[in-house]
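Peer 1: Each protein sequence line maps, in turn, to chains B and L.
Counting from 1, one number per residue, gives the positions in the first sequence under this note's numbering.
Counting from 1001, one number per residue, gives the positions in the second sequence under this note's numbering.
Treat the hints as calculated values from the structure; they're not laboratory data.
Heads up, a few of these hints could be off.
[As the list claims (entries may be wrong)] Okay, the calculated bits of chain L under chain B, using three or more residues with CB under 8 Å as the criterion:
1) 1051-1063
2) 1068-1079
3) 1084-1097
4) 1103-1110
Fair warning: this is a prediction, and the values are worked out from it, not measured in the lab.
Idealized CB from N, CA, C, for every residue including glycine.
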Amino acid sequence: MTGGVDALIRNARWEITRLHRSRRVWLLLIPVVAGPIGSGIADVYLRVPSSGTAEVLGLLITAGLAALVVLDLVALAVGEDLALRTHYLTFTLPQPRASALAGRLGVVIGATLLVYVAGAIAVAGLANTLVSTSPTAAAPILVPGHLEVGLVGLLVFLGGITAAAGVVTRSASQALVAGVLAGVVAAGIGSTFLIEGRLTWLFPLALATAGLIGLVVCLIQYGRIDV
Amino acid sequence: MSSDVLTVDSVWKRYGDHDALRDVRFSLRSGEAVGYLGPNGAGKTTTLKLLAGLSRPTRGSVRVQGLDPVEDRAAALRKVGALVETPGVPPYLTGADLLGYVADVRGIPSGERPTAVRRGAEAMNVVDHLGRPFGSLSTGLARRMLLGATLVGDPEVLLLEEPTLGLDPAARHDLRDRLRTLSRQGLTLLLSTHLVEDVQEVCGRVLFLRNGTLVGDEPVDLERDSGTGGSRRVLRLRFGPDVTAESVAGAAGPGFEVTLDGARQATVRFSGGDAEQAALLAAVVRAGLPLLSAAAPEGDLVRRYMERVGREEAT
Chain B
1 MTGGVDALIR NARWEITRLH RSRRVWLLLI PVVAGPIGSG IADVYLRVPS
51 SGTAEVLGLL ITAGLAALVV LDLVALAVGE DLALRTHYLT FTLPQPRASA
101 LAGRLGVVIG ATLLVYVAGA IAVAGLANTL VSTSPTAAAP ILVPGHLEVG
151 LVGLLVFLGG ITAAAGVVTR SASQALVAGV LAGVVAAGIG STFLIEGRLT
201 WLFPLALATA GLIGLVVCLI QYGRIDV
Chain L
1001 MSSDVLTVDS VWKRYGDHDA LRDVRFSLRS GEAVGYLGPN GAGKTTTLKL
1051 LAGLSRPTRG SVRVQGLDPV EDRAAALRKV GALVETPGVP PYLTGADLLG
1101 YVADVRGIPS GERPTAVRRG AEAMNVVDHL GRPFGSLSTG LARRMLLGAT
1151 LVGDPEVLLL EEPTLGLDPA ARHDLRDRLR TLSRQGLTLL LSTHLVEDVQ
1201 EVCGRVLFLR NGTLVGDEPV DLERDSGTGG SRRVLRLRFG PDVTAESVAG
1251 AAGPGFEVTL DGARQATVRF SGGDAEQAAL LAAVVRAGLP LLSAAAPEGD
1301 LVRRYMERVG REEAT
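Given the sequences, and given the hints that come with them, work out the whole structure.
Peer 2: Listed below in structure tokens is the structure:
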């Protein structure tokens, strides 16, 4: 009998196989390579007044790239099988569906967060190396350390909303669109709070909470899909 | 303790305002091979979805190995292989990937997985294609690979829908042969199809479904005798050289009604079951008659299909 934990582990392996076969695994290099490179170029060629501001800029670039990756990978992890009707086969296997999907989502969301963190660490190192802080420089608009953690909340939010949309629409492409729209809304609200000086740790926490709720809804609904 | 492996008990399934199944009830004992015949939209796929845990009945209950296939999915479907409709597989995945995944989920230890994958592929003659991505397989090969996936882990119950769809004649023959062999080895099989020949060659019992209602549940080789209201078996014997009705009747003995359909073919009607049929065949061979084959008449099941389901809907 396949228990929940077994199903989770087996499907995590399955997702790794799929990432490898589809070559989507290369997408995971984008935040950790392109993020720091883009950030480094900006550090060198733009007149960034301080290493803190350079780090904020680099984090936004890296997180933006990681956001695109998490949207794509989550949309496909949930919606690809439903769209192709692969679930007509996989749903007949002796395992809890929700645990199976949790294993797959754990891999794609976990891997994206890991490469984002790795990219963020590289960005911080480059900013401190390439940019010297002018004595007259204004403080960065956000505390880099806070932003780095807060952007994790944004990525979890995007993953959760995309996953929930994938189950509802049963389509990877529509889930992707829903995730992009959610990202635009989150960015808009975050910018508004920033301009109004009301942006606090509560905002990324709320985003992460919404993302986790989206993931739970996704897993529950996935287990209940009546084919 | 009941030996019923699959049980469909007073099941209704409603989609919107349409009843796909209406009070359907049947069961399959361990080792039975049962055909499920009916026209498009009769409810065959719906029934298989319920048994495979893909869907829940609106009313009534479905049991696989005595368990609810949705609530007790892992235990109920542990030894069940199912192919319902035509699942798509992402084009970048290989047959080995898919069969390996099925073996993994079925709890086959990693050391034994390659053997299990190979056995599943061998059953469908697709070993040479295991390394190819699904996107490069023809429709028939992909179908055979999917069938191979359902056989991974040596399931004790098979739920198959249109298994020969898209297969070339040789592959169709091999599959029927394989299913017959598995059935003889104790596999329980529910075979949903439009192809009467599939049922004729593989199954011992047939269910007829029309408009969501079960309208027939009878042996495949049964012929109803409208004169007596009883039931009899009909067997068509084919011979090599010419034979006479007298020689066949003499070999068969009393109780067997023989009519000759041409010089090399005879139809034998008799009351009884497998034992009587085996005795008849043994007697014919003992008598030195050059028997080539024995099967239920092809037309019989088609005729019964027409009677129960309706000519305009027959396919």
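Peer 1: Now, for every hint given, state plainly whether the structure supports it.
Peer 2: Okay, the hints, checked on the actual structure:
1. Restraint check on the region 1051-1063 of chain L versus chain B: 5 residues with Cβ-Cβ distances below 8 Å, three needed, restraint holds.
2. A stretch counts as covered by a chain when three or more of its residues have a beta carbon under 8 Å from one of that chain; for the region 1068-1079 of chain L and chain B the count is 6, and the coverage holds.
3. Counting residues of the region 1084-1097 of chain L whose C-beta lies closer than 8 Å to any C-beta of chain B gives 11; at least three are required, and the coverage claim holds.
4. Against chain B, the region 1103-1110 of chain L contributes 4 residues with a C-beta closer than 8 Å to a partner C-beta. That satisfies the three-residue criterion, and the hint holds.
Going through the hint list in order, the structure satisfies each hint without exception.
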